[in-house]
Each structure stands twice: as C-alpha cells, then as structure tokens.
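Protein chains: 2
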Amino acid sequence: MNRVCNLFNIKYPIVQGGMVWCSGWRLAAAVSNAGGLGLIGAGSMHPDVFREHIIKCKEATDKPFGVNLPLLYPQMEDMINIIIEQEVKIVFTSAGNPAKYTSFFKEKGITVVHVIANSKFAIKAEQSGVDAIVAEGFEAGGHNGREETTTIALIPMIKDLVNIPVIAAGGVANGRQMASAMLLGAEGVQVGSRFAITEESSAHSDFKQRVVDCKDGDTILTLKSVVPVRLVKNDFCNRVEKMILDGKTTEELKHELGRGRAKRGIFEGDLSEGEIEIGQVSALIDRVEKAEEVVSGMIKEYNAAINSLTEL
Amino acid sequence: MNRVCNLFNIKYPIVQGGMVWCSGWRLAAAVSNAGGLGLIGAGSMHPDVFREHIIKCKEATDKPFGVNLPLLYPQMEDMINIIIEQEVKIVFTSAGNPAKYTSFFKEKGITVVHVIANSKFAIKAEQSGVDAIVAEGFEAGGHNGREETTTIALIPMIKDLVNIPVIAAGGVANGRQMASAMLLGAEGVQVGSRFAITEESSAHSDFKQRVVDCKDGDTILTLKSVVPVRLVKNDFCNRVEKMILDGKTTEELKHELGRGRAKRGIFEGDLSEGEIEIGQVSALIDRVEKAEEVVSGMIKEYNAAINSLTEL
Chain A
530 MNRVCNLFNI
540 KYPIVQGGMV
550 WCSGWRLAAA
560 VSNAGGLGLI
570 GAGSMHPDVF
580 REHIIKCKEA
590 TDKPFGVNLP
600 LLYPQMEDMI
610 NIIIEQEVKI
620 VFTSAGNPAK
630 YTSFFKEKGI
640 TVVHVIANSK
650 FAIKAEQSGV
660 DAIVAEGFEA
670 GGHNGREETT
680 TIALIPMIKD
690 LVNIPVIAAG
700 GVANGRQMAS
710 AMLLGAEGVQ
720 VGSRFAITEE
730 SSAHSDFKQR
740 VVDCKDGDTI
750 LTLKSVVPVR
760 LVKNDFCNRV
770 EKMILDGKTT
780 EELKHELGRG
790 RAKRGIFEGD
800 LSEGEIEIGQ
810 VSALIDRVEK
820 AEEVVSGMIK
830 EYNAAINSLT
840 EL
Chain B
530 MNRVCNLFNI
540 KYPIVQGGMV
550 WCSGWRLAAA
560 VSNAGGLGLI
570 GAGSMHPDVF
580 REHIIKCKEA
590 TDKPFGVNLP
600 LLYPQMEDMI
610 NIIIEQEVKI
620 VFTSAGNPAK
630 YTSFFKEKGI
640 TVVHVIANSK
650 FAIKAEQSGV
660 DAIVAEGFEA
670 GGHNGREETT
680 TIALIPMIKD
690 LVNIPVIAAG
700 GVANGRQMAS
710 AMLLGAEGVQ
720 VGSRFAITEE
730 SSAHSDFKQR
740 VVDCKDGDTI
750 LTLKSVVPVR
760 LVKNDFCNRV
770 EKMILDGKTT
780 EELKHELGRG
790 RAKRGIFEGD
800 LSEGEIEIGQ
810 VSALIDRVEK
820 AEEVVSGMIK
830 EYNAAINSLT
840 EL
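Keeping their order, the protein sequence lines are chains A and B.
If you want the working numbering, it's the 1-based position in the first sequence plus 529.
If you want the working numbering, it's the 1-based position in the second sequence plus 529.
Rather than coming from a laboratory, the hints here were simulated on the basis of the structure.
Careful, some of the hints might be misleading.
Since the list gives no way to pick out one identical chain from another, each pair is judged satisfied if it fits inside one copy or across any two copies.
[Claimed, not checked] Okay, derived cross-link-like pairs now, DSS-like style, lysine-lysine, Cα gap no bigger than 30 angstroms in a straight line: (1) K771 - K649; (2) K777 - K635; (3) K744 - K618; (4) K819 - K688; (5) K585 - K653.
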C-alpha cells in the first residue's frame with residue numbers, strides 16, 4: 530500500500546503544488562475530486578481571502594485537501610488561526626524552518642509536510658516531526674534551493690536519509706516522469722507547472738498561453754543572491770540577468786525586483802515585466818486542460834510506463 | 530530487443546562516458562569486458578597517446594569499444610586518421626557541430642553517436658545521420674549545455690523529437706537512476722561520474738577520494754560565459770564565482786582559468802587549484818570499485834527497480 534495515499538486518504542499519490550496566484554479553491558477542489566490532493570496556495574492570499582478559499586473548497590469537495598503555507602508569510606498568526614478555526618487537516622509548509630510550527634500543528638491533529646531541496650533540511654524536517662517531505666529539484670518553477678540539485682540526483686539521496694515518505698517535485702508533468710520519480714524512491718509526486726495551466730488555475734490566460742509556447746531553455750534560475758527563482762526569460766528577467774553579469778549588488782537586484790512581480794506575471798498576465806514562474810517541464814506542456822484530465826491522464830501513462838521495461 | 534545493445538553489439542545498454550583524464554584503455558576495456566560499452570576519452574590525449582590507448586584497448590578486450598572525440602580538438606585531422614588507421618568502429622562526438630564529420634565517419638562504416646543537451650542539436654544530429662544521441666542533463670559533470678535542462682525534463686522531450694535511440698546522461702550513477710532514465714524514454718544510459726572513480730580510471734587517487742567525500746551542493750555549474758562546466762567547489766572555483774559576482778568580463782575569467790586546470794585537478798590531484806569535474810551524483814557515490822562491479826551492480830539494481838512498482 531502506498532504510504533502517501535494512506536497519509537492523506539487519497540486515491541492517487543499526486544499532490545497539486547500550492548502555487549501563488551494559481552492554486553485557489555477551484556483548482557484544489559478539482560484535483561481532490563479527481564483523486565489527488567489539492568492544495569490552496571496561501572502565499573499569495575490575504576488572510577480573509579485565504580479563509581474564503583478554504584470555505585469554498587470545503588463546499589466544492591468532500592475529499593481531503595490541504596493548504597501550502599510559506600513560513601515567511603508576514604501575518605503568520607492570522608493564517609494559523611484560520612487553519613485551526615476552519616479545521617484544515619493537511620498543511621504543507623515551505624520556505625523556512627520546519628521546527629517552528631510543526632509540533633503546534635501536530636498537537637492539533639494536523640498532518641504536516643515540509644518542502645525541502647537538500648539533505649540538511651530533509652533531516653531537520655524529519656526530526657521536527659513532519660509526516661512526509663516534498664523534495665524539490667532544480668528544474669521546478671518558482672522559488673528553489675541554492676544547491677541546484679536536480680530531481681534524479683535528489684530523490685535517491687533524500688530517500689536514503691529519512692524514513693518518512695518522500696514526495697518528488699520538480700520535473701514531473703506526465704505519467705512517465707511520475708513513474709520515473711517513484712522508481713527513484715519517491716512514494717508520491719507534487720505537480721506544479723502542469724496544474725498551473727489547467728482551466729481551474731487562477732493564473733491569467735496569457736500566462737497559460739506563454740507556458741504552452743515554452744521551449745527548452747526558455748526558463749532560467751535567476752536572482753540567486755536574493756532568493757533563487759525559476760522564471761521564463763522576459764524583459765524583466767533579461768534585465769536582471771544583465772545586472773548580475775554587470776556585478777550589481779543584491780540590494781540593487783532587490784530594488785529592481787520590487788514587490789508584486791509574481792502577481793503581475795501570473796495573475797495579471799504581464800508577460801514582459803511580471804515574474805513568469807514555471808518549471809522546465811513547461812517545454813513539454815502543450816495545452817490547457819481540466820485538472821481532472823491531468824490526473825487521469827497521468828495515472829494512465831504511469832500504468833503504461835511501469836509495464837514498459839523488461840529485465841536485462 | 531534493446532536498440533542500443535543492438536547498435537553496439539553489447540550485452541547491457543550502459544555506456545561509460547569518455548571523460549578527460551579518466552577514460553584510458555584500462556577503464557574502457559574493463560567496461561566493455563563487463564558487457565557495457567567502454568569509451569576512450571580522446572579529449573585529453575595527444576594523437577600518439579590516443580593511438581597507443583586504442584592499440585592497448587584492442588589487446589585488453591575482444592568486445593566492442595569506442596572513442597569520444599570532442600569536435601573542438603585542435604588536431605582533428607591527426608585524430609581522424611588514427612581512428613581510420615586503427616579501425617575504430619564506434620565514435621562518440623561532442624562539443625561541436627555533428628554535421629561536420631558524421632557523413633565521413635558513416636562512409637567508413639563507423640557507428641556515430643553525438644552528445645547534445647537541447648532539442649535544437651538533437652534534431653540537427655539526427656539530420657546529420659548519427660546512429661544515436663546522448664542527451665545530457667544539467668546535473669552531469671564537466672562541460673554542459675547552456676539551457677540547463679535536467680535529465681528528467683530533457684529525455685522525454687528529446688525522445689519525442691527524434692526516431693534514433695536516445696542515451697541518457699547526467700544523474701545516472703546507480704540502477705534505480707538507470708531504470709528511471711529508461712522509463713523517461715531513453716534506451717540506454719551513459720555513466721560518467723561513477724566510472725570516473727573506479728579502480729581502472731586514470732584519475733588521481735586524491736580526486737577519487739574527494740568525489741567519495743562529496744555531499745549535495747558540493748558541485749556547481751560555473752564559468753557559464755566561457756563554457757559552462759560542473760566542478761566541485763574549491764579555491765579556484767570559489768575565486769571564479771567571486772569574480773563573476775564582481776562583474777568580471779569573460780576575458781578576465783578565461784585568463785583566470787588559463788590552461789591545464791582539468792589535468793591539474795583530475796590527473797594530478799590538485800584539489801584546491803585544479804578543476805574537479807564531476808556530476809551531482811557525486812553525493813551518492815561512496816566508494817571506489819572495479820568497473821565490473823559497477824556494471825553488474827547497476828544491472829542488479831535495475832532489475833530489482835523495474836519490478837518494484839505496482840499499478841495505481
């Protein structure tokens with residue numbers, strides 16, 4: 530029996546990434562209804578909006594769903610109170626120290642998963658008492674680790690270090706990649722990019738079309754001295770890359786980045802000056818679909834893939 | 530039947546990377562004798578040394594073996610004459626335009642494989658008439674592509690673009706990773722780092738020990754404005770990274786790099802000032818073994834791995 534399915538009480542070990550400006554209640558409920566685990570992305574929501582999305586998600590599905598909460602969120606107290614008040618059962622934490630809130634959530638009976646990108650934080654997360662780990666490779670979209678370890682190198686390494694289930698993220702957009710990640714030792718996958726451009730994603734339609742048009746080499750991990758983030762190369766991104774080549778300081782880069790560029794790119798569809806956060810698998814994604822089609826298609830491909838190899 | 534095994538007339542679809550300063554006749558013959566395909570790495574050899582290694586390899590194995598020839602090699606004429614004179618049957622080309630020599634080699638009855646890291650060159654290689662492609666991901670050691678596409682994203686993409694067999698490279702050091710790469714659509718794997726630290730590799734023992742000691746995050750893809758290369762972070766590498774942050778020019782970086790640093794690091798074992806070329810999988814490699822043990826161990830792990838998944 531699959532431990533990730535058991536842990537969340539879901540049918541398929543596919544977690545939809547709780548992405549900023551994409552993952553509202555519509556997407557989360559659709560994925561959960563399809564047999565995966567939907568996550569509401571709290572990172573881009575004001576507390577009141579976050580509460581509303583949880584309430585609507587509960588109305589839209591009777592299946593388990595969760596929330597993704599970046600630990601650097603400014604109004605953490607408010608968000609935690611809403612999670613408790615709304616009786617959210619599953620919390621994915623990211624971008625911070627897992628030791629800070631895990632035991633609190635666990636005492637409330639909440640299942641906790643932490644996102645890591647290196648061996649040090651994998652061990653730290655397990656020690657802090659989380660129920661599972663998302664191990665995210667360099668190819669993933671959005672914010673990313675400094676070690677730049679890719680999924681094929683990361684998953685076997687983390688699997689050997691911890692006893693709790695490992696969920697692979699980064700480079701997983703189809704059933705073959707899912708099977709591949711599971712062979713490496715993952716017991717489930719977290720899929721971001723492919724769900725970011727589903728019909729139920731709240732991303733702007735121009736953002737979705739840009740992702741469909743992506744070819745290999747169209748994304749880059751940039752702003753490493755600020756916080757590493759994988760973006761589609763556009764006017765903003767190219768300007769920042771030039772500043773880096775010219776030796777500009779971290780402060781100058783932060784100033785150029787400013788605030789609100791992820792919203793501008795993903796939610797408002799400003800393809801030249803917004804941050805277009807997406808993974809390398811954007812090169813493989815060729816259409817906008819319903820979330821349910823993504824889940825059922827991946828499972829079909831997965832089952833075909835695992836029967837495609839013969840012994841040597 | 531496996532097309533890569535058929536193409537080279539070998540037992541297992543495992544190619545040993547033709548790495549500078551590691552891959553002489555001892556390593557190539559040992560891998561070929563173990564049922565894989567050994568490659569002599571011409572990139573670090575003077576023509577006379579290259580001829581000697583081919584002659585010794587033919588004495589040490591009656592199995593198929595090949596050579597890896599970087600197309601930027603300064604004395605190409607000499608090398609090509611030696612390949613013809615010594616009746617080498619398999620040539621892997623890299624670091625250049627595959628159109629330049631492929632038809633010449635093919636006319637001589639030589640099997641030709643070209644190493645690529647993006648979709649553009651995959652198509653170009655197939656059009657030039659090569660028999661197979663090595664698709665190398667960002668996680669690989671040594672020289673690398675500018676697109677930074679990782680193996681899990683690259684292989685399915687290339688597989689969909691070409692009809693000739695795809696051999697996956699980058700991030701493959703054990704049988705699980707091999708099975709994972711084959712599930713993505715590869716029909717064989719090229720293994721570099723793990724063979725670089727076998728007993729038969731001509732790398733310095735201090736280099737091998739440094740690789741055994743590697744943890745995640747110990748390597749970095751650097752010198753991107755010159756030629757991207759994945760190295761273990763050491764005094765030289767850290768100095769270069771600082772120069773990049775300070776906005777130094779490509780010319781200044783080239784001057785700092787100078788000549789002979791790969792030899793210094795890999796062959797002479799200068800761990801602080803040499804280039805320590807190795808892949809991210811160095812974090813997973815924990816001992817120096819015989820090449821035969823690597824091949825048989827990988828096949829055993831591969832067979833166990835492909836039977837480890839059940840349908841969902």
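Structure-based check of each hint:
1. In this assembly of identical chains, the alpha carbons of K771 and K649 lie at most 30 angstroms apart only when taken from different copies (25 angstroms versus 32 angstroms within one copy).
2. In this homomeric assembly, K777 and K635 never come within 30 angstroms of each other (Cα to Cα): the closest approach is 44 angstroms inside a single copy and 50 angstroms across copies.
3. Within a single copy, K744 and K618 get their C-alpha atoms no closer than 38 angstroms, and across copies no closer than 35 angstroms, so neither meets the 30 angstroms cut-off.
4. For the homomeric pair K819 and K688, the shortest alpha-carbon distance between copies (26 angstroms) is at most 30 angstroms, but the shortest distance inside one copy (32 angstroms) is not.
5. Taking identical chains as interchangeable, the C-alpha atoms of K585 and K653 are never at most 30 angstroms apart, the minima being 34 angstroms within one chain and 51 angstroms between chains.
Hints 2, 3, 5, counting from the list given before, are not met by this structure.
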